[in-house]
Amino acid sequence: MLETDMRFEALEALGAGEFDHLNGSLISHLTGTFKMLKTWDAADYVCDAGLFHAAYGTAGFDDKMVSLSQRAKIAEVIGKEAEVLVYLYCSCDRDYVFDRTIGKAPIAFKDRFTNECFVLDEKQARDFCELTLANEFELFLTSDAFVAKYGAELYDLFENIQHYLTDTGVKAYQAFYAKAPELTQ
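Numbering-wise, the sequence shown is residues 24 to 208 according to this note's numbering.
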């Protein structure tokens with residue numbers, strides 16, 4: 024696995040900085056998500072997945088930094104375990120997963136690229152949910168418009184996935200919502 028600075032350079036070389044994102048450049052958002060996971064003491068591979076979590080596009084951000092055919096290249100940069108999590112995150116059919124199964128154990132998952140449905144094991148569920156929280160929470164900290172539009176809906180999601188999250192992640196979102204109780208109603 025490459026050192027952090029080299030991973031950032033590799034990310035830029037793949038074109039991440041060329042995309043606009045909700046509140047600035049995509050690379051700024053990805054870097055913010057990575058740093059957030061680091062401050063939450065997430066496992067290194069989860070942090071690395073945070074840096075590349077939109078590599079193949081997501082249901083909410085369909086621009087792809089790289090083709091699915093480049094999975095091996097991403098794995099060389101961030102490690103196999105991180106790449107598997109990146110693929111899982113990018114492949115999530117959010118309508119299927121969030122609307123029907125989040126908050127229920129186990130989490131039924133649908134891959135939007137292959138339409139395959141399967142159940143996440145405990146490790147997959149924890150990693151996926153922590154990355155989901157970090158992604159959405161990073162947007163909260165940088166976009167009031169995002170909070171206004173999705174804050175209440177995401178509160179429900181965070182509450183439903185709480186048992187999969189680290190204590191640090193739970194404390195972070197709870198502290199945020201304590202300052203905005205109108206979003207919890």
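Treat the hints loosely; a few may be bogus.
Below, computed lysine-lysine pairings styled on DSS-like, alpha-carbon distance capped at 25 Å [to be verified]: (1) Lys127 with Lys96; (2) Lys194 with Lys96; (3) Lys103 with Lys146; (4) Lys58 with Lys127; (5) Lys146 with Lys172; (6) Lys127 with Lys194; (7) Lys146 with Lys202.
To be clear, the hints were calculated from the coordinates, so they are not data collected in a lab. Since the structure is predicted, the reported quantities are computational estimates derived from the model, not experimental observations.
Looking back at the numbered hints, which does the structure fail to meet, lowest number first?
1, 2, 4, 5 and 7
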